[in-house]
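Undergrad: Protein chains in written order, with this note's numbering: chain A, 19 to 302; chain B, 69 to 393; chain C, 88 to 427.
Any given hint could be a false lead.
[Said to hold, decoys possible] Computed cross-link-like contacts, BS3-like style, restricted to lysine-lysine with a CA-CA straight-line distance of at most 25 Å:
#	chain 1	residue 1	chain 2	residue 2
1	C	Lys161	A	Lys196
2	C	Lys157	A	Lys196
3	C	Lys170	A	Lys211
4	A	Lys196	C	Lys92
Treat the hints as calculated values from the structure; they're not laboratory data.
Small disclaimer: the values here were computed from a predicted structure and weren't measured.
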Amino acid sequence: MSRKDFIRRMRKSKLFIIGLAGILAIALLCFLSPLFAQFNPTKSELSNRLLEPEWFSKGLGGHVFGCDSMGRDVLTRLLIGGRTSLLIAFSVVIITTLIGLVIGLLAGYYGGVMDLMLMRVCDIMMALPTLLLAICVVAVMGASVTNLVVVLSITGWIMVARVVRSTVMTIRNSEYIKAAIVLGIPNYKIIFKEVLPNVVSPVIITATQAFGGMILTEASMSFLGLGVPAPAPSWGAMISDGREYIATAPWVVIVPGIALMLVVLAFNFLGDGLNDIMNPKNKD
Amino acid sequence: MDELLKISNLSVEYRSGGKVAKAVNNLNLTIKKGQAMGLVGESGAGKTTTALSVMGLLPENIGMITEGDITYNGESLIQMKEKQKNNIRGKKISMVFANPLSSLNPVFTIGHQITMVLRKHKNLSEKDAKKEAAEILKLVGIPDYRMGDYPHQFSGGMRQRVGIAAALACSPELLIADEPTTALDVTIQAQILELMKDLQKNLNSSLLMITHNLGIIAELCQTVAVMYGGEVVEYGSVQEVFEHPSHWYTIGLLNAVPKLAGERQRLISIPGNVANAQMLPEGCKFHPRCSRCIEKCKAKRPDMICLNEKHYVQCWEAGGRNGEQ
Amino acid sequence: MENNKKNALLRTENLKEYFKISGKGYLHAVDNISLEIMPNETLGLVGESGCGKSTVGNTLMRLLKPTNGKIFYKGEDITNPSKKKKLELTKKMQMVFQDPYSSLNPRKTIRSILSEPFLINKAASGIELEEKVNALAKRVGLEEYVLGQFPHELDGGKRQMVGIARALAMNPEFIVCDEPVSALDVSVQATIINLLIDMQKEMKLSYLFISHDLSVVRHISDRVAVMYLGQIVEIAKTDTIFSNTLHPYSVALLSAVPKIQFGQEEERIVLTGDVPSPMNPKPGCRFAPRCWMACEECKNKDQHLAEVEDGHYVACMRWREVREKTAGQAWKKGIEVEHE
Numbered sequence: 019m020s021r022k023d024f025i026r027r028m029r030k031s032k033l034f035i036i037g038l039a040g041i042l043a044i045a046l047l048c049f050l051s052p053l054f055a056q057f058n059p060t061k062s063e064l065s066n067r068l069l070e071p072e073w074f075s076k077g078l079g080g081h082v083f084g085c086d087s088m089g090r091d092v093l094t095r096l097l098i099g100g101r102t103s104l105l106i107a108f109s110v111v112i113i114t115t116l117i118g119l120v121i122g123l124l125a126g127y128y129g130g131v132m133d134l135m136l137m138r139v140c141d142i143m144m145a146l147p148t149l150l151l152a153i154c155v156v157a158v159m160g161a162s163v164t165n166l167v168v169v170l171s172i173t174g175w176i177m178v179a180r181v182v183r184s185t186v187m188t189i190r191n192s193e194y195i196k197a198a199i200v201l202g203i204p205n206y207k208i209i210f211k212e213v214l215p216n217v218v219s220p221v222i223i224t225a226t227q228a229f230g231g232m233i234l235t236e237a238s239m240s241f242l243g244l245g246v247p248a249p250a251p252s253w254g255a256m257i258s259d260g261r262e263y264i265a266t267a268p269w270v271v272i273v274p275g276i277a278l279m280l281v282v283l284a285f286n287f288l289g290d291g292l293n294d295i296m297n298p299k300n301k302d
Numbered sequence: 069m070d071e072l073l074k075i076s077n078l079s080v081e082y083r084s085g086g087k088v089a090k091a092v093n094n095l096n097l098t099i100k101k102g103q104a105m106g107l108v109g110e111s112g113a114g115k116t117t118t119a120l121s122v123m124g125l126l127p128e129n130i131g132m133i134t135e136g137d138i139t140y141n142g143e144s145l146i147q148m149k150e151k152q153k154n155n156i157r158g159k160k161i162s163m164v165f166a167n168p169l170s171s172l173n174p175v176f177t178i179g180h181q182i183t184m185v186l187r188k189h190k191n192l193s194e195k196d197a198k199k200e201a202a203e204i205l206k207l208v209g210i211p212d213y214r215m216g217d218y219p220h221q222f223s224g225g226m227r228q229r230v231g232i233a234a235a236l237a238c239s240p241e242l243l244i245a246d247e248p249t250t251a252l253d254v255t256i257q258a259q260i261l262e263l264m265k266d267l268q269k270n271l272n273s274s275l276l277m278i279t280h281n282l283g284i285i286a287e288l289c290q291t292v293a294v295m296y297g298g299e300v301v302e303y304g305s306v307q308e309v310f311e312h313p314s315h316w317y318t319i320g321l322l323n324a325v326p327k328l329a330g331e332r333q334r335l336i337s338i339p340g341n342v343a344n345a346q347m348l349p350e351g352c353k354f355h356p357r358c359s360r361c362i363e364k365c366k367a368k369r370p371d372m373i374c375l376n377e378k379h380y381v382q383c384w385e386a387g388g389r390n391g392e393q
Numbered sequence: 088m089e090n091n092k093k094n095a096l097l098r099t100e101n102l103k104e105y106f107k108i109s110g111k112g113y114l115h116a117v118d119n120i121s122l123e124i125m126p127n128e129t130l131g132l133v134g135e136s137g138c139g140k141s142t143v144g145n146t147l148m149r150l151l152k153p154t155n156g157k158i159f160y161k162g163e164d165i166t167n168p169s170k171k172k173k174l175e176l177t178k179k180m181q182m183v184f185q186d187p188y189s190s191l192n193p194r195k196t197i198r199s200i201l202s203e204p205f206l207i208n209k210a211a212s213g214i215e216l217e218e219k220v221n222a223l224a225k226r227v228g229l230e231e232y233v234l235g236q237f238p239h240e241l242d243g244g245k246r247q248m249v250g251i252a253r254a255l256a257m258n259p260e261f262i263v264c265d266e267p268v269s270a271l272d273v274s275v276q277a278t279i280i281n282l283l284i285d286m287q288k289e290m291k292l293s294y295l296f297i298s299h300d301l302s303v304v305r306h307i308s309d310r311v312a313v314m315y316l317g318q319i320v321e322i323a324k325t326d327t328i329f330s331n332t333l334h335p336y337s338v339a340l341l342s343a344v345p346k347i348q349f350g351q352e353e354e355r356i357v358l359t360g361d362v363p364s365p366m367n368p369k370p371g372c373r374f375a376p377r378c379w380m381a382c383e384e385c386k387n388k389d390q391h392l393a394e395v396e397d398g399h400y401v402a403c404m405r406w407r408e409v410r411e412k413t414a415g416q417a418w419k420k421g422i423e424v425e426h427e
């Protein structure tokens, strides 16, 4: 597909545009929040404990989404926490994609014993419960953003590796790979120049779809106290903290909950949109 | 002979995403009772679309008949209600597909599938239907102990036999075969062709054979219609058309195929590529590839000219050029 | 025969290619094939799907490692070539593939596809490369604007021209054509066949032409080998094999082709049953279970290629009876003219 085609199809895909717009908006808000945040996300002010949202009374000037049980501004925490969540998910997706790409390419291209061994490693990793692994890592190394990224990466690459492997296996059997071998092109060049360009789109699609999942997993980790250490804000931790007050101060839970849902939804839209755009079988 | 199927002035378009492909353009075709007609042409000529239109199996919301009529025994198939059509489809007209595996249901045994067809269309009891299914399978050369086997347990040739058996189940008056042997090896193809020859002789049904292989037409059919760009460009008895081809496309096609006998001359290829249904030229659809193209060909589509009662051709030049090659 | 061996461009000696299928045994895709291809000659290889004809091509091109046997190129053993030798051979031996839709990388422009052979052999760069690619495209009859396009923008015939151009880039001596026209429309097929014949004359090429289509093979080949279940059953000059067919399988194959002929009804030899699987074949003639001439002896005794007439090899002990039985068949008439 030429670049012109790609842009034309991008413009036509509603899912893609909605998803992209949503993600850009959320990311901009989160990353630019230090510029306009009026409150300190970690400083507690007990007089504001479980303060109701002031959206209606004071507009954007006050605690827009109210305060949590420690009297911290929910909106500020949400934005700063979102920044952490997005960063973690982004790093994990990059790391897992790279690992998965290499392993998938090797297994799919060389096949045979290499494939057998790598895929068994995959199976073993699949059998490891992520949460249990996380608990172990946190117990040994302590809770930190880095450790969280490590834990999520250890299990996350398998999906990518499998997608890449199956794509590579079909490409491996196509005649243009045979033609390249017959021309005497060495294997590493075939992998980089003939195979890789053809697995880029499925990889991008998988990565985008995995992004949403990563944010959810990160949130569940933080919910369980295995993620971003307190008092740094994180959506999972916010939901976890707020669940005691769900009856009296529902906003503490609902606001990060909705934010979480919107981000994941936006990424899924983007992924599905990309899938529509990049799949050459979807002719328009 | 009576006219069994008459396609008159049929035009079919495929529309999707703002693009229009004119697959069939003002096509006329008549199949008489007991007659075997060959429909020959290259990819994109509109052969399969014609067959699907007759069967009422055009993809919904994409393929549509924009003009013309198809009558079966004098009744219009297009105006017919879905229920009535279902009655004709499978019982009176049935179809054999190019890929027998995808036209059989993988989760039922072949015996069950044919029994089902018989029960539906002939209202037979389970027991009678089974007995008849066994007989039909025997007719196509499949022993009855294989009735309990699933489609994937059969080889390509055997599967196509099952496909033919399923199509023959209700002794249809018209059998449409869409490239039934393309996926098969020559020796297996020979088996299927012999089978179809025998069946046609014994059952006296009509046959519409769709293929790109001129040899198959010559062996199996009495009349042939050559299609190009969604039109029938030449039509007549097989011997007449193949021995005195009069449309430049037919001549080109015959010259382009290497022969099994005779001198090995350099092949004469037809320049260019097969017509694209999305951008068909004005006038004669073949004119961009035709070596004898004149101004008139570009402007206006030629009429079907009768060369003799067994031979019709749609070419401006044909009147004065009967039989010359 | 001895002379042939010495002068042959490419020669195989008892070539075997078995595939291990776990739990089932060995699939004998190619079993004991010895053949020679002379300089500037086209050897046609015909047979039905699964007879191993493509495997022969792939083994010759070292896409597969032979299980046993030897391959010689100009008298030199190239069965297990060194790395350096391998690259050298890629210049001399090339391949044209069946499916022009999958033999070109969809992400590359035609120019970039045709540049590959020059780049890998460090034969040209910069403006020189551009000129060489232009000349290459011109040679096979591709217009220059095509070079800027992607494979999906071309029709089947043009794509196959690109595939042929890629194979011709380094001026090879030998090309394996693996069903190069079977995916094309009839009218386009003729263009490609003509191109292959022209290129052969121009560049003094040798072809191994693999196809299931007998008329195409007859048209292009100087000699024809018929394969059945991994073995060659008959090999002879094209005109000989089509007019004096001696193996019962070749006869059946020829007889099975639907022909345009009127007035002379011909008794067709229809083989019963399907091609058996080449898995763990039993001893005895492999064609015997389907053969219309088979006797008890055939079923138990291995048949080997034997020269029955000058340059005509048949692997059937009853070839004399076959000749008698098929005398006067319609397709045998009119095949006396020599290939120009």
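Undergrad: Would you mind marking each hint as holding or not holding in the structure?
TA: Hint-by-hint comparison with the structure:
This hinted pair checks out: Lys161 of chain C and Lys196 of chain A have alpha carbons roughly 24 Å apart, not beyond 25 Å. Between Lys157 of chain C and Lys196 of chain A, the direct Cα distance comes to roughly 22 Å. Compliance with the 25 Å bound is thereby established for this hinted pair. About 21 Å separates the Cα atoms of Lys170 of chain C and Lys211 of chain A, which keeps this hinted pair within 25 Å; it holds. Only pairs whose Cα atoms come within 25 Å are accepted, and Lys196 of chain A paired with Lys92 of chain C is rejected, the gap being roughly 29 Å.
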